[in-house]
Every structure is written in structure tokens, then in C-alpha cells.
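Undergrad: Please build the complete structure, drawing on both the sequences and the hints.
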Amino acid sequence: MTGALTITETGEASTIVAAPPGRRGPRVGESAPRPDGTAKVQGQFAFGSDLFADDMLWGHTLRSPHPSARIVAIDIGPALAIGGVHAVLTADDVPGEPCYGLEVRDQPVFARDVVRFMGEAVAVVAADHPETARRAAAAIVVTYEVLDPLVDPDAAEAAPPIHPDGNVVRHLVIRHGDPTVTGDVAVEGTYEVGMQDQAPLGTEAGLAQPTEDGGVELYIPTQSLHGDRDQIAACLDLPVDMVRLTLAGVGGAFGAREDVSLHIHLCLLARHTGRPVKMVYSREESFFGHVHRHPARMWFRHHATADGTIVKVEARLMLDGGAYTSSSPAVIANASCFAAGPYRVPNALIDGWVVRTNNPPCGAMRGFGAVQTCFAHEAQMDQLAAVLGMDPVALRLHNALEPGDELLTGQIITGTAPVAEVIRTCVEHPLPDFLVELPAASGLGVGASRGAPVDPLLLPGGAGRTSEPGDLRRGIGLAVGFKNIAFSEGFDDYSTARVRLEDGVATVTCACAEVGQGFVTLAQQITRDVLGVDEVVLAPADTSIGSAGSTSASRQTWVSGGAVLAAAQAVRAKLLQHVEVAHGVPAVLLELADGRVRSVHGDVDLAVVDAADGLVLEETVEYHHAPTEELDENGQGNAHLSFAFSAHRAVVDVDPELGLVRLVDLTTSQDVGRVMNPLQLRGQLEGGAVQGIGLALMEEIVMDEGHVRNPSFTDYLIPTTLDVPPLRIAAIIEEAEPGAPFGAKGAGEPPTISSGAAVAAAVRAATGLALTRVPIRPADIALAPTTAEQA
Amino acid sequence: MTISPPQSTGSIAAGAEAYVLSVNGRTLEVADAWLGESLLYVLRERLGLPGAKNACEQGECGSCSVLVDGVLVCSCLVLSAAVAGHEITTIEALAPEGALADVQQAFVDAGAVQCGFCTPGLVLAVDDLLRRNTDPSDLEIREALSGNLCRCTGYGRVLDAVQVTIATRRVAAGEAP
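Those protein sequences? They're chains A and B, same order as listed.
Going by the working numbering, the first sequence runs without a break in its numbering and finishes at 793.
Going by the working numbering, the second sequence runs without a break in its numbering and finishes at 380.
Honestly, the hints are just simulated from the structure, not real lab data.
Keep in mind it's a predicted model, so treat the numbers as computed, not measured.
Treat the hints with caution; some may be incorrect.
Facing chain B, a subset of chain A residues (Cβ under 8 Å, in silico) [what the hints assert, rightly or not]:
hint	residue
1	R36
2	G45
3	P202
4	G254
5	R285
6	G518
7	G689
8	A691
9	F715
10	V726
Pair by pair, the computed Cβ-Cβ distance ranges are [claimed, not checked]:
hint	chain 1	residue 1	chain 2	residue 2	range
11	B	D235	A	A41	27 to 35 Å
12	B	L238	A	D494	52 to 60 Å
13	B	V374	A	G492	56 to 64 Å
14	A	G492	B	R335	55 to 63 Å
15	A	V242	B	S340	55 to 63 Å
16	B	G239	A	P241	41 to 49 Å
17	A	E593	B	E378	45 to 53 Å
18	A	P787	B	E290	54 to 62 Å
19	B	S340	A	S546	48 to 56 Å
20	A	D180	B	S340	57 to 65 Å
Every residue gets a Cβ at the ideal spot worked out from N, C-alpha and C, and that includes glycine.
TA: Put into C-alpha cells, the structure is as follows:
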């Protein structure tokens, strides 16, 4: 069969669309299949955990069972005595810098003298079998003097420092306009967000081997090859060119692979043993081996006039950074800058704190600070609408940011900002008619829904069959969110790409980490677009070329996409120059399209492969996005490059007695600038939304005095096929972003920002409860104090 | 740090045994193995079949799915030596070498693959469902795939790929899609 089946939104296979005749690779704007898709469905794609080398050893890490303790003694003798053990390394074996870190190098490769969180690495073992390595790690005798952990972020500033750098990682103040003004009404609330895990399906894994020149080679799933390399080299005391990284297949990332995890341990073991060493974290170890989304406590007070115009927003944000810095300074900047949401706020006073505690380190996760504050500012907007007696949609539209408006940071939005459009299209999208008939408890201008009774599996409680339809309450909620695209605050944010054209085949080299998001597809599409060739080969991503920066902050479409575009354009210019010389037609009169170079007058018409005359044309380009500024002492400045906006509308059924929630519908609109690949974009919108749903309803690393209580997929729940309805996309707003290659904004993070906040709003609407904390747990609903008890 | 005097003990591999597995129609010897190894480990690390993935290793995520005597199981929960004498089928045998089964093709075309770590397990789960039920309802599909966790896709394109496969099989059978 040559055609492709098209599936309608309701999941019905309806039409067969024939593929275009001939073989033509998809260009920018078209749905393109992933170049790695075939290997992935066959199980042949080599992830980090699939690597193998002759004579390789297995590594295993020994971790602290205590959140805070003094290390009195470590005896590695019992581990070394086990047959098959080749190395046991501790802090004494780190030849270079003892610590690593993304922004501040404050996290020890191995704990020395003290451990500051449960799961901190203390030693590492290499053995000839993974079970031997596990047993050897367990045989190391560490004598701890257990200390009282600092676990309350609010107490961190006043507490004795748990690290030489102190307990306050960053305190950022945004003073905007006149912080003394007030409005006709004010609403305030305190909100909490639990600790979410990225939970990529692939755990941390990698393989290191010593090289003949005394260096080391590391095959690693990561978000940032060069960022890792620089930290590894410093700890190994090697020049960076003796530490060579190649991207191994990445089993998802979502922020979890922005920091170093087992990288340095692997390289140390390989250099110490002189043999290849492989490590694969178990799921439990993975929960301890990477940073998490910051838990947050947030107080907000919104002031508005009687007609619903926001006058001022005050907020105090407290993020728990855990034991080490990671990307916390940037996360609190985002949380603070976007604290009030995508609304015009002429006056603001935002106090953002991120502090050190003996909880697990927190850092990057999809949405990066904006997720936490979106939950709070959207709850505030609903509260404000209730106090004003206004429709919550109308309130949001009345205050929606527009191009030319000023952010809390004083930055004027010079790019696109279709905030009103994402709101309007999202709420106007019709609700599906399959919803079970239930009284609608909330507004948003939507009446009772229609439909036949559903299978009990689709009621709250699902397979438990605990809910009676008559007892359920339905709620509808809306949330709107935004965040920055690419790195901010003056960071020189760039990527490097090389394009080579040989025999009519283009080869793209870029160190951009493909983590599943689809840069590999995009790089091919862009190159085909510019060079008109169909065959585009992707060279392995490694550190032999310049940095592409990190696959984070929704930045790679813009930055690495920009680098590939610029390199391909440079090759194209070289090709046309060659044709100009060879055929006497000025390059300005030449066009390159569909694999042919033609002159506008028709006297030249050559296939690209013939036009190049056997020449190999190659260009390497470094692409920097427009510079941004640091924030000043009042948190003012043009700190951000661009902004992307999204809205979600959620419909939930709630069993108030059991506290169970079922999400029955989720609709979204998103501002993307330009659609680069419709199929992949849809995947980003769907996958991102489900992570937001998870945060709203089930995902939390449960902490108990510094101890992680649920480091497994049995106890840390992520949504399954039975937990999520189909995502309905109301609108994808395409307004080309000035300055962005192709006008495209990154699209990966907004879906995670407003989805969870919308679900929480819907549960509040269904129950009438304040529900100021996510994830919303059954007890938060079922055991909520009644109004009488509160009074 | 101190190093106490060695009291040497044996390696895990010492005293290990050999047994034979039947995998994808081939008889493969497992030599020098620790008897505590899971089927997942033996397939991946001893038999060169890395298609089954190790995401949770406690039977929650379905990434390690294989068929044992035609029954879909989490290979992380199966003791390798215990399935000697049984027929094991992995993702590597779903289609002839170099070819794609209809489910696999549908996953590629429908955009059901992102990072791909859960993909082999999901492909096997879909194939298993459609062998048992050629016309499943949406809810039956969701129930059948609810043991396979995916963190990238949000399941939308995965469910789409199931519908594409069903329709493809109908077309192949001469029915209306």
C-alpha cells in the first residue's frame, strides 16, 4: 500500500491520502517521519543502556541513605575483596575539581566529609558483572554521624549554612512601576506545588572508555554534550580536547539530563581500570541520580479596579533548590519574571527565593519555573473574577498581554503575543458530545454537556468501579501560561552546524542533542528546503564540532535550526557562485528549487549534483540569537529573547466522597510562530500536556524529613492511556516571530505550563474547594474541611 | 578512607551454569550465567537482543515486553533460566530482517515515536491486542495499552497508530477501512 491513512480527531480512520508521486523528502512546514523512527520501532536504535564494548566492566554507585550526615569513615576493603571487582573509587580518587555544576560548581563528584541529601554519591565500583558491582557497593562500610536535616525551605535563610556557599542560592526582587498603589479589590492566596520528576523512560546510562592519548571517550544520553564535557574535563583535570563525548540514544530527557549524573563516575572508572565501563541506573537510582522540578510555596496578592483591570501583583516565591545549585538561579528568574502570567501588570513587587536544603537537588524540568507560578497566577485570576463577579474568560481577555505591552521586567514585547487569540479559540472550541450527562458546576459559559452513559472505566476511580454517576460533579477550568524561548539574562546563546554537499547528498553535523523532540527531522527539513536535495544525512552528534548548547528552554528549533539554516544557505551561496563562474550567469539570477539550479531566463537548468561539478561544498556556521540583558537590582531589563503562549481548557468529573478525579476533556490553543512539522508539533502538544496533567493529579516525589518515600514507578505514578482523554487542539496560532528562523518559536514547554493549571481549576470548579496545592490528592478533596469547620 | 585487609570471596560468575533458550526460533546457549539473571538481562546483555528495554525493572512500564509461548510478559519479572524450554519471541522477530510489520510502519507514519524507549514494548502490546481482537473499541485499546508507560507522546499518536493498523489490516483483507 502506498497511501497513508488519515485518522480524524475522534480516532476514526476515515480517508486514505495517497503519498505524492516519486520520492521527495518533506520540507519545512510538512509532516515528516523521523529518520530514526524505523530503528526505534525495530528495537535496533542504540540507547545509552544498549551500548556494549568487549571486555567492559559494570559500574555501580553507593549512595547516602541519610539526607544529612557527617562521614566518619569509609572502608572500601570489603568491596575490593569481592572477586570480579576491579575498582572502588571515592572522593580521594578525583584528580581535578572536586565538584561540578551547571552554573556553580558546588556538587561533589563524591561526598567528602558530609552528605547533604539522601542519594548523594559516596563511592563507585567497577566489576565484571552488574550484580557483583551492586554487591560490592553494598559491601563498602561507611560510618555516618547522622545529623538533623534542614528540610523546610522557609527556615533555610536563618538556619546554619549546610554548604560553604550558604543557604540562599538566589534572591531576586522585581520592582516594577509604583509598588505602593492599590486597586478597588484585592485577592490573595498561598499556593504549593509538589516535587515532580521528569521520569524519562530511559534511565541514566552510558559507556566510557580510555583512549590511547590518555584521554577518555564517553557515549552518553544527554541534553548538552559540551556542557557535560567542560564539567567532566575539570573534574578529571584533563584538557577539554582529551574528553570526547558522543551522543548515545536518549530515552527522553525533559530537563533530567541537563545536569551531569554518572558521567564523571564512568570516566573515572574507565581511566582507573583502563577498560570500557558501562553503567545503567535502575529506576530507583534514577530518582536519586537527577534533579527534579522545584517544589514551590507561593504567596500572591492581586489588586484590580472594579472593572477588572489589574493594578498590581505582589508575590513571594519560595523554591526549594535542595542540596546543590544546579540551574536554580535561572529557574527562580523564570518563576519571578513570569509570575503574574500573560497579563498587563503596570505595578509589581515580586520576591523570588531559591534556597538550599537537605532535600534532593532540583533543577530543570519542562516549563522551568513557569509551571509553578502558572498554577498560582491562574488560581488568582479565577479568585479575582469571583470577587469582581466577572466571567473568568472576560477578565483574562481584558488584561491579556499584547505586542507593545510591558512585562514585569520593564521589557517591551517586540515580537508576537497572541494571548487573546489563544484564550478565545480555546474557550470557543465546542465541547465533545460524548461527555456523560452530569450537572456542570462551573461557568466559562458552558452549559450541561450531552451524551450517553459511559463505561464505568471512564468514571473517576476507573477499574476500581467505585463511583456512581449520580454522585459525580463536573467542573470546567481554564488556564493561560507563557514562558521565554531560549536562554536569558545576557547568556551568549548559540549553536554550531556544518553542512556538506557532496554528490547531491547533504550531510548535517550538529552537536544538538536529539532527545525525542525531533530536531533530527527538522534539520533534514531545513536542509532540503535550502538546498533542494532529498537526501540529507545526519552525522553523529559529538564534541568534534562546536557547541550547540543544551536541548532545553524550547531553544533548539530557533538556535540549532538557525545554525543549520545559516550553514545550508552558505553552501547554497557557494554552489550558485560556482554556477555563476562555470556558466556565466550571475548568481542573483539563479534559483535553487526541487533539486535543480535554474536561471530565471531559462538558459541554465541543472540538477544540483551536476551543478556542483564534483565539488565538495562545506560550511560551518555559529548562530547566535539576539543578545539579552541581565536584570538590574530592581529586576528590570530586556532579559528575554521571545515568549510563547498557550491556553488549556479542562473538564473533569470528581467523586467528592472519595476524592477521585477523572479528566474527561482537554482542549488547547498555542502560539507557535510557525508550524515546522505538523505531526511533531502535535506530539509536543500532546506529550507536554500529559506531563502537566500528571503534576495536577498524581505526580509527586513524596518527601519525609529529607527521605524520598516513593522512588519507583509503583509509587510515583505517571499517567497511562486510561488516565488521559484525547487532546483536542482548538487552534495553532501562526504569527511569524520577528528574528526567529522561519518565524518559529519553540513549542515544547508551553503545553506543560497551562495544562496542569487548567486541570486544577476544573477540580476547584467541580468541588468548590480552594485546592491551593498540586498534585491534588484524594484526601485534599474528600477530607477537605467544610465551610463550617473552617469558620 | 581506609582499606581493610582482604577476605576474598568468589565472583558472582564463579560456579555459574549454562542453559539453553529458544528465542525467535533459534536455540541459543547461555553460558557462565548467574542464575539470578532476569530474562530481560539475558536477552539484552548475553544474547545481543537489546530491543526489550529496561525502564523500571519491576513490571510497571511494559518497556521490556516479550512473548513467552505467545503470552505477553514483562521480561524483567521472568527469571531467565525458568523459561528454558519455552518459546520466547522479541521485537526483533516481529518482522523479517529489514522489513517492518504493519504495526511498526503505523508507529512511524502516525508519529507515535518520539524518544522511542517505550516503543518496542508498545508495538508488541498493540500487535498482541490485535491478534486477540481485530476490532477493539477505543476503551479496549486503552485498557490493553495501560500497562505500557510512555513519557513523550501523551499516547495520542500511539492510539492513532493502533487505528491505522486496524484500518490497514481491513484494507489488506479487502474490507472498507
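Undergrad: Hint by hint, note whether the structure agrees.
TA: So, going through the hints one by one against the coordinates:
no.	hint	result
1	R36	holds (6 Å)
2	G45	holds (2 Å)
3	P202	holds (6 Å)
4	G254	holds (4 Å)
5	R285	holds (4 Å)
6	G518	holds (3 Å)
7	G689	holds (4 Å)
8	A691	holds (6 Å)
9	F715	holds (4 Å)
10	V726	holds (6 Å)
11	B:D235 with A:A41: 27 to 35 Å	holds (30 Å)
12	B:L238 with A:D494: 52 to 60 Å	holds (56 Å)
13	B:V374 with A:G492: 56 to 64 Å	holds (57 Å)
14	A:G492 with B:R335: 55 to 63 Å	holds (59 Å)
15	A:V242 with B:S340: 55 to 63 Å	holds (57 Å)
16	B:G239 with A:P241: 41 to 49 Å	holds (43 Å)
17	A:E593 with B:E378: 45 to 53 Å	holds (47 Å)
18	A:P787 with B:E290: 54 to 62 Å	holds (59 Å)
19	B:S340 with A:S546: 48 to 56 Å	holds (52 Å)
20	A:D180 with B:S340: 57 to 65 Å	holds (60 Å)
Hint violations for this structure: none, all hints satisfied.
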